[in-house]
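A.B. asks: Working from the sequences, and respecting the hints, build out all of it.
Note that this note's numbering has the sequence shown beginning at 14, numbered continuously upward.
None of these hints come from the bench; they were simulated from the model. Quantities reported herein were computed from a predicted structural model and do not represent experimental measurements. All C-beta atoms in this analysis are idealised placements derived from N, C-alpha and C, irrespective of residue type, glycine included. Heads up, a few of these hints could be off.
As the list claims (entries may be wrong) - Each pair of labels, with its calculated beta carbon distance range:
#1 Thr104 to Glu151: 27 to 33 Å
#2 Arg217 to Gly269: 19 to 25 Å
#3 Lys172 to Leu260: 39 to 45 Å
#4 Lys248 to Pro200: 39 to 45 Å
#5 Lys197 to Ser33: 35 to 41 Å
#6 Asn170 to Pro200: 21 to 27 Å
#7 Asn94 to Pro200: 27 to 33 Å
#8 Ser47 to Gly92: 17 to 23 Å
#9 Met236 to Ser96: 22 to 28 Å
#10 Glu208 to Lys248: 28 to 34 Å
#11 Ser96 to Lys248: 26 to 32 Å
#12 Ser179 to Asn31: 34 to 40 Å
#13 Leu28 to Gly102: 38 to 44 Å
#14 Asp199 to Lys222: 27 to 33 Å
What the hints assert, rightly or not - Once the Cα atoms are required to be at most 27 Å apart in a straight line, the calculated BS3-like pairs of lysine-lysine come out as:
#15 Lys197 to Lys222
#16 Lys216 to Lys248
#17 Lys222 to Lys172
#18 Lys288 to Lys248
#19 Lys27 to Lys248
#20 Lys288 to Lys278
#21 Lys300 to Lys284
#22 Lys278 to Lys222
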Amino acid sequence: METGNKVTGAFGVKLLHNVSARNITSMHCGGYISNVFIAENTEDIAHFLASNNRLFILGEGTNTIFGDTPIDIPVLRLGNNFSFIELKGETIHAGAKTPINEILTFCIKEGLSGLEFLSGIPGSLGGALFMNAGTRDEWIMDRVISIELTGRNGEFNLKREDIHSSYRSGNLPDNVVITGTYLKLDPSNPKHVQERTSNYLEKRRNQPKGFTSGSVFKNPEGMSAGYLIEEAGLKGYRIGGAMVSPLHANFIVNDGDANASDVKKLIDVIKQRVKSRFGIELKEEVKLIG
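C.D. replies: In structure tokens, the structure reads:
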């Protein structure tokens, strides 16, 4: 049972006890998290970071899998104060908790182009920045002017030229929380923005639905992880309630009864089979905690 109360002491973030990982992650598995803290301002974030040497920062849980055993490491989440969008000419200022789909809807309404490639990607803006979400040709970091961060000593900004992002990584400093960003976009006809957004969404329409964490593995350079997994004969392979999707082999789906150990065992089998067949070691894109 989940319970909540207000923390007293050095910082005032909201505290939830015994939170089921199933309820806050898209893979819908995992055990109970002892303490989930929800911060509504940067001062609380800084105090929390300064008071905890071990912690995990969780966004919308779309690429995180917690273990089945109780999770004692403190988990920090952003509150609703970090979900906002402000228009400044052809620049938008948005909070890290803002859902990606809300940003895309805003861009269509305002006739701003440049983020359509994010259509169909679940989660929040902060997660997209952390992972440098994108396609083979377009990345969210290409649109960043600066990112707002909070560390133990308070707030600071990083300009785009100081961020050395790479494939599936924003390469941001350790022990900081993304709180917002400024994105430079291009003026366009709202109808054209809508069409481009719909085109990207259509491309992703055949991706697996339901309880999944999206792409499990990063693509090796010049190759497709999904292709390697399929060629290793693992499409539809199942362990317990976890299965390699018959639609896209780089997705693992939970039929509703999987526990985290099923998913992790399946990940290990995939890595072993691909390594044995092709000599390639797949690297996880999802985060495994506990």
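A.B. asks: For every hint, state whether the structure bears it out.
C.D. replies: Against the structure, the hints:
no. : hint                         : in the structure
1   : Thr104 to Glu151: 27 to 33 Å : violated, 18 Å
2   : Arg217 to Gly269: 19 to 25 Å : holds, 23 Å
3   : Lys172 to Leu260: 39 to 45 Å : holds, 40 Å
4   : Lys248 to Pro200: 39 to 45 Å : holds, 44 Å
5   : Lys197 to Ser33: 35 to 41 Å  : holds, 40 Å
6   : Asn170 to Pro200: 21 to 27 Å : holds, 25 Å
7   : Asn94 to Pro200: 27 to 33 Å  : holds, 29 Å
8   : Ser47 to Gly92: 17 to 23 Å   : holds, 19 Å
9   : Met236 to Ser96: 22 to 28 Å  : violated, 37 Å
10  : Glu208 to Lys248: 28 to 34 Å : holds, 33 Å
11  : Ser96 to Lys248: 26 to 32 Å  : violated, 37 Å
12  : Ser179 to Asn31: 34 to 40 Å  : holds, 37 Å
13  : Leu28 to Gly102: 38 to 44 Å  : holds, 40 Å
14  : Asp199 to Lys222: 27 to 33 Å : holds, 31 Å
15  : Lys197 to Lys222             : violated, 31 Å
16  : Lys216 to Lys248             : holds, 20 Å
17  : Lys222 to Lys172             : violated, 36 Å
18  : Lys288 to Lys248             : holds, 16 Å
19  : Lys27 to Lys248              : violated, 43 Å
20  : Lys288 to Lys278             : holds, 15 Å
21  : Lys300 to Lys284             : holds, 15 Å
22  : Lys278 to Lys222             : holds, 21 Å
Hint compliance for this structure: hints 1, 9, 11, 15, 17 and 19 are not met, and every other hint is.
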